[in-house]
Amino acid sequence: MLNALTSYLGSPVTPGQAGNQLWALIYVLIIFAGVSIAVMAMNWLERKALAHFQIRLGPMRVGPHGLLQPIADALKLMLKEDIIPSEADKTVFWIAPLIGLVAAFTVYTVIPFGPSQAVSDMNIGILFMLGVSSLGVLGIVTAGWASNSHYPLIGALRSSAQMVSYEVAMGLAVVSAILMTSLNTAGTGTLSMIGIVQAQQQQGVWFLFKFFPLGFVAFIIFAIAMVAETNRAPFDLAEAESELTAGFHTEYSGLRWSLFMLAEYAAMIAVSAIAVTLWLGGWMRPFPNLLNAPAWEFVFSLFPGLTFAALAGFAFLGTARMPSHSFFRIQRIGLGVFALLLAFLALVLFVIAIAGRNTDTSLAAHTREGIDYVYWFMLKVAIFMYLFIWYRATWPRYRFDQLMKIGWKVMLPISLGVLILTAIVGVLIP
Amino acid sequence: MTDQTTKDGALTKERKDLQNLPDAASYVKGTKLDSSHHDLAHLDLDAPEHPYLDSNELIINMGPQHPATHGVLRVILKLDGEKVLGTECVIGYLHRGVEKIAENRTYTMFNPYVDRMDYVAAVSNGLGYCQAVEKLLNVEAPPRANYIRVILTELNRIASHQLWLGTHALDIGAMTPLFYTFRDREEILKIFEKYCGARLTTHAFRIGGCLYETYAGFEKEVKNFLKFVAPKIDEYETLLTTNRIWLERTKNVGTISAADAIALGVTGPVLRASGVKWDIRKAIPYANYSDFDFEIPIGENGDTYDRYLVRMVEMRQSLRIIEQAVNGIPEGPIMAKVPKVIKPAPGEIYHSIEAPKGELGYFIVSDGSTQPYRLRVRPPSFVNLQALDVMVRGMLVADVVAVIGTLDIVLGEVDR
Amino acid sequence: MNPALNVGSAPVGTPYFFYGLAAAAVISGLLVITRRNAVHSALSLIVTLLSVAGLYLMLYAPFVAGVQIIVYAGGIMVLFLFVIMLVNIDRASKERQFNRIWPVGLLASCALLALFLGAFSKGRALLPERATQLPEGINTQQVAALLYGEAGRMGQYTFAFEIASLLLLVAILGAVIMTKKKI
Amino acid sequence: MVPITTLHYLVVAAALFVLGTIGVLTRRNVVIVLMSIELILNAVNLNLVAFSRMWGNLHGQIFAIFIVVDAAAEAAVGLGILIAFFRNKETIKVDEIDLLKW
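Protein chains in written order, with the numbering used here: chain A, 1 to 430; chain B, 431 to 846; chain C, 847 to 1029; chain D, 1030 to 1131.
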């Protein structure tokens, strides 16, 4: 039993490559649950962070500091009356949110959380990701059309035009990163997500800093295009509430509406994962080649525990600062328990880090490695998530023609230029 | 010119005043416009857009339940894709018949009703009405009352502009300024509440002056507010003025030329942003405004960005006026001698003030009874709204939202 | 035996996947040509395209499958949906759906099907029974080698590839010019 | 169960091809006719890829990619013509598009 578990955790290939369906299924379930929880956490974080940007408190009532707000929201949305407009095309109206959701979640099959921590490693990984995530636009278009109403239709037309245009710049930026993977002795690149990160590992540099500033510019292009791809501020024209009330999901309510939100946030995490994989070294910790002594390895493996300890510290601080009024007693206890939970998690992570500090093949070592990979990957993705919120708090919304102008007249030429320059530099500097 | 001490009958004197009014057109920077610019024929508002069949034409209703129409404005948009081919405003969803109510109320009883027109600038409305009736009665409020009026009115101007800025930025997609402006507007409302007990519909002034003396510490609080709000205005500007997206969304959007603006009767910051230096506080000073030193900001292009800048400068100028007024507030009575039963002599009067949104005028016809025979309000929002169609033709839907925001309309005043 | 490491095991359940995908492709293909509403047709066509992409994967052609998803399902079909929404179809779906010569068309197509099936059953022996296992892992690299050449040599299809890019350029220009209102 | 051979793929491709021809020959709606053409192209692609597997080389896949490119070009131009036509005649019926000049 223990041996089997060790062999699973220590497997050098993904379950998809190994052809192990049970293990793949477990991974799929873990990722599905993880993404759902991440979306809920993101929902809470967005509301809180946005509120603090805007000198508000945000959710404070449901649970301590509104921690249970996402659950309350989810419950509310599930219990809400599900309205289908009488003039709507019912079949399509019903299917549309599912298209978006399926597209957003299918992408996660190839996201590499670690060298073997992915459901499968496809030969065409990045192509598959771009293709499937571009299917999400079908959900939006059909939703807007099926509502049989003007605002959703305009929203759908806007977002489809927007997503198709930005896909071009996005694809070219991705190609320039893929071009960098071929700069090895064999001269062959790869489209596999794991292969891309391994190429960065071999070349000893994140593609963000490769051929500076070429990699950086390509990354910026992608970072802008991915905001447009996911219909987030300042490119949230498809759901601009001041112009189109709510855009393509104006007529949606209840569970179906929440499926759209779920798909949007899942897509945000997915595109951030692409950016992290392509330019930020994926699962690699900072300076894996510079600070490669076992001692450094140990220091960096303490980071997951430290993060949770810091979160627990914040939670304890919140508990201590809560007014000592009987009205807040339950909230106080709840926050305290939450802090204890975080502290316990931190403790577990510390124990694993210490137990697995010698890089042997024990279960603890494999667990530690896996946790490190997933931690660094998630940390990088989380930075992007925070950026998404920051954008939304800071910037006004672009107008549609300006959006198109930026997409076609600014981003596309720049990404083309970067691609050509990358190719030239790659040939000149082997 | 507005010297009211002459013993002429109100009617004849007012007629004379109207004839001597400075022409707004002469205030246009540089060239003086000839009268041929005053007609709107060149705008060609009814011309068909396309000679051939266009199947993409789409009629959509924006409002009356739409988040960006600032209440219950309904705009019928004729669209080609996203391009606006024409608009038609449908108003009246908030019509309460304020002008008709006036005919059945005594002059004093009607005073609170005017607060409900432009409810974000209730103090200005009250000032205009009280001064119009005072003009009809040939009385003048004492200087101290006028200074209090100026302070409160200018505070209200800042509050109104803050509300405009927040909602306008929200329409364009920037959420955050809304919360900042509402935080700072709160301080103004606190001063109002302390002064007269109400925050929004203040009913601060009475015919002949003010009812309430300033509360203890009023001047100190106003000065504290001045110190508090000046950096806040800078804060709004750091968020927006040089923001690239803000510039792209507002520059060359909803442009209206000076000639068109004058021809349409547009007033206030919208007119000034087109380059017409027309402000009633300077042109026909009322309520001791001639005592104060302040600038009238004007724009160059008449686009949304210029209107934004003009209003931002106006806020700072209002701070200047308040500072001078608070420092120079004289002692003395706050109420002129006004009969208990207000029964003006038969006649008619027009009095206008510079409300935050533009020229707010009251035209009152008295038949000698205790109630006005007819009271007509010239609301700036209503007149400015007429410019919407001119400003958004050929623009995109998103620009309609931006222009509605920049016109700074309040539907309570449009519909009355 | 390490359970996680049985690399290279044969694909499982291939016939089921094949029949499922084939059935999905054909049934939704049928829906494409029978639906009254063009949007329903387009959605059915997307299902067909995705099923065919699955069939490509089963034929060890992952790159073609990826191209199929990204270009067909993500690009062309969005264009189709876009156009369907632009041209008002409320009226179109209430009118007669088939043209006057539809029996002829149906007959001709059935004859074509009969021809195909006849040819297949006659020439069955000509088809070799072997089913080559193409190397899936380096499929993209091999396609690239054919398209762009490798080790300094021009690929077999490099010239054709350039022609194709020219074709796309012409198509872009044509589409832009045709849809512009005033040139 | 019978192992899946090339013939199976050919039969599926033939079915799709025939469905496409039926659509092209019988439908009046131009958009659906264009979609039927896409069906036909897909059937051809499936054949090519199946043969590519059968012969064990990649030329069929290359051809399939070229056909996808062609389909993209065809869809862009075809839909462009459709839009231009619809704007002028307000119809998308094949049998009403019977004038060479209007």
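If you're looking for bench data, these hints aren't it; they were derived computationally from the structure. One or more hints might be untrue.
[Claimed, not checked] With a straight-line cut-off of 20 Å between C-alpha atoms, the simulated PhoX-like cross-links for lysine-lysine are:
(1) K1026(C) with K513(B)
(2) K1026(C) with K409(A)
(3) K657(B) with K681(B)
Here the structure is a predicted model, which is why all the values come from computation and not from measurement.
Each hint tested on the structure:
1. With a CA separation close to 15 Å, the supplied pair K1026(C) and K513(B) stays within the 20 Å bound.
2. Proposed proximity of K1026(C) and K409(A) is supported: the alpha carbons are some 18 Å apart, at most 20 Å.
3. For a cut-off of 20 Å, the pair hint linking K657(B) to K681(B) is broken: about 31 Å separates their Cα positions.
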